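Trainee: These are the residues of each chain, in order.
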Amino acid sequence: MKTSTLTKVVQLLAIGIYSIGILSSCSSQTTPAEAATQTNEAAPKEMPTIMAELTDAPNVPAPITRKHAAKVVVKLEVTEVVKKMADGVNYTFWTFGGSVPGKFIRIRQNDEVEFHLMNHPDSKNPHNIDLHAVSGPGGGAASTFTAPGQETVFSFKALNPGLYVYHCATAPVGMHIANGMYGLILVEPEAGLPKVDKEYYVMQGDFYTKGDFGVPGLQPFDMQKALDENPSYVVFNGSVGALTGDNALTAKVGENIRLFVGNGGPNLISSFHVIGEIFDKVYAEGGSTINENIQTTLVPAGGAAITEFKADVPGNYVLVDHSIFRAFNKGALGMLKVEGNEDKKIYSGQIVQKIYQPEGSTVQEMPKSKAPAVALASNKDMRLELGKTLYAQNCQACHQAEGQGIKGAFPPLAKSDYLNADVNRAIGVVAHGLEGQIKVNGELYNSTMPKLKLSDEEIANVMTYVLNTWGNKGGEITPAQVGKAKANFKH
Amino acid sequence: MVNVKGGTFVPLYGSDSIPVKVKTFLMDVYPVTNAEYLAFVNKYPKWRKSAVKKLFADENYLKKWDGDLSIGPNAAKIQNSPVINVSWFSAKAYCECQGKRLATVEEWEYAALASETKANAANDEKFYQRSIEWYSKPNPTYLPPVQEGFRNYYGLHGMIGMVWEWTQNFNSAMVVGESRADVTMDRQLFCGSGSDGAKDVKNYVAFMRYAFRSSLKANYTVANLGFRCAKSI
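In the order they appear, the protein sequences are chains E and W.
For the first sequence, full-length UniProt numbering gives the first residue as 1, with consecutive numbering after it.
For the second sequence, full-length UniProt numbering gives the first residue as 1, with consecutive numbering after it.
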């Protein structure tokens, strides 16, 4: 309403200034006022009539290129259908256009929309539509209450630009929304939205089924859970997996991506986040305010947001509701696969993985509590057996399952020249830890081996195991030898 | 017909929680079937498919029938199923020609409160859940024979779980008989306004019935909307 009044005032002023211009000037130069008037005149006298292109998520109709308002005819059919909620789980969805979320509608500010709502004859229930982009009673709901097998028509002028939710508003309204009756309508500003490479449609919704998450079968609506606002499912685009695996969104490195994000609710507010991306721009709440450099944006129930970001480096980017249990346990997960060349400056991938020592170089002792008595080995076979377990528990995380180590970080124990050259020195390393540069099999390593809280018996066992595995020189280490070596190799 | 013993109940929409008195009345055991309706149009030609006035029934009147006096290729299957795609005018005429009438909303709602064993099962969770599940499902390709509807406390079959049913006053849910309220109230029950004035906002089953009726006009014909007749005594 406000915009419309403002526009009128501006137009009147412009015409006024223009008239003065005609009286006082013969200049052939175009004044700004004239230019403004001409832009208005660029529109055809009769508004052209256009059938709206409607798309199913995650696709959106092509950007609007026309520079004038039009009469846009939207035909939206309501159907009640049984569809997949998750693997093995079905649900009777009530839909705008056959799936959840409903068809994406794209129009331009000041378009005049002739809206047809058809309710399929096989529907059990009457439905209507409340478009948040409409200024007027019920957002259209007052004019579109439609019995099964009927069609209603109303028209509206899109006064305000923005991204808006539409939904069914028939009583009991919560149930109609909880069954999937929502979608998005984009009213592009007159100047259009900046060009991007990819646009997608993502809409969150919460669902309330009798059975808990994953319980198979055709699940009925659970009113009590809905009243308690305790959903069994929180999903993007109507089902678990609608945006993962083969259904993942795709983009290439360097592309600018725009997500039209809606939240049908009925109950939950979404903390929309893309793991590993920062939104360069967010049209907050789908309106005209642009917020920059946003990690997580709130999408209210019955609200929306437009997020934009550049895919800088390749990889899988996970869309979540950062109320993270919903993502982990209730289905609110989507995926964007970005393909292209790495840029190690922006993201290197893992360079180092090593032991973290918050208190100096050699501390990795267990608390003082008494450990259960350790089994004692009486022969080499027993040492090998016990040593294997000790290795897996104490050494394998760094030196790896096959003793191969990790190049550049953890030296190998397999066929290790450093180990085989001096076993007593190696025992000292296990007993006291080691810090500083060493050379193993020709590679330099400069990291830290923590002091391990092992008994002489345990060191004997694990060293025996290591020496008799992976091509090392063999032999048996006894606790007595460990005691001696410990004394000789202190640092 | 069976006797529905009168009593009081608080309808979803009414004046200030005042219980409504329903007098004892008679009601058809089953919804009217295709076969019964065929007999009716045989006798009263003006209600045949080709003859009916558009003012009294829209173009989907008896949609699945393939002629004035033919239920269609699936006649054997659906002759004992409820007749659907009938208008309020035609349902009313049918009942009047039998010396009966349509039930009022209050009568119908009162009779529909009954489960198999209880006259008022409004607080029976199982009964409630079964009802809401039926209301959520799309129509089956062929409606079952009327005898298959569950038999309730009064001996009525398929009050819930078969078809929606026309009532005498169907589009007056939000008219509370108080002019000020009538002006400001929204009769279409959309958004939150649907709960304004409702007595039991948790009774979604009743909401759905009232919402359905409110969406109708008297000449509408709908694929899951039939009727049964009632009679005063």
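Simulated from the structure, these hints should not be mistaken for laboratory data.
Predicted, not measured: the structure shown is a model, and the values here were computed from it.
No residue lacks a Cβ here, since even glycine has one placed at the ideal position from N, Cα and C.
One should not assume that every hint holds.
Computed from the model, here is a short list of chain W residues facing chain E with C-beta under 8 angstroms [stated by the list, open to error]: (1) D66; (2) S70; (3) N74; (4) I132; (5) L216; (6) N219.
Trainee: For the hint on W/S70, just tell me whether its beta-carbon gets within less than 8 angstroms of chain E.
Mentor: violated, 20 angstroms
Trainee: Please verify that hint: W/N219, Cβ, nearest Cβ of chain E, below 8 angstroms or not.
Mentor: The hint is violated - W/N219 has no Cβ within 8 angstroms of chain E, the shortest such distance being about 11 angstroms.
Trainee: Return the status of the interface hint for W/L216: holds when the least beta-carbon distance to chain E is below 8 angstroms, violated otherwise.
Mentor: This hint holds: W/L216 lies near chain E, its Cβ roughly 5 angstroms from the closest one there, short of 8 angstroms.
Trainee: Verify the interface restraint on W/I132: the C-beta must sit less than 8 angstroms from at least one C-beta of chain E.
Mentor: Nearest chain E Cβ about 7 angstroms off; hint holds.
Trainee: Can you verify the interface hint for W/N74: is its Cβ closer than 8 angstroms to any Cβ in chain E?
Mentor: violated, 16 angstroms
Trainee: Does W/D66 pass the interface check with chain E, least Cβ-Cβ distance below 8 angstroms?
Mentor: violated, 17 angstroms
The structure does not agree with the numbered hints 1, 2, 3, 6 stated previously, though it agrees with the rest.
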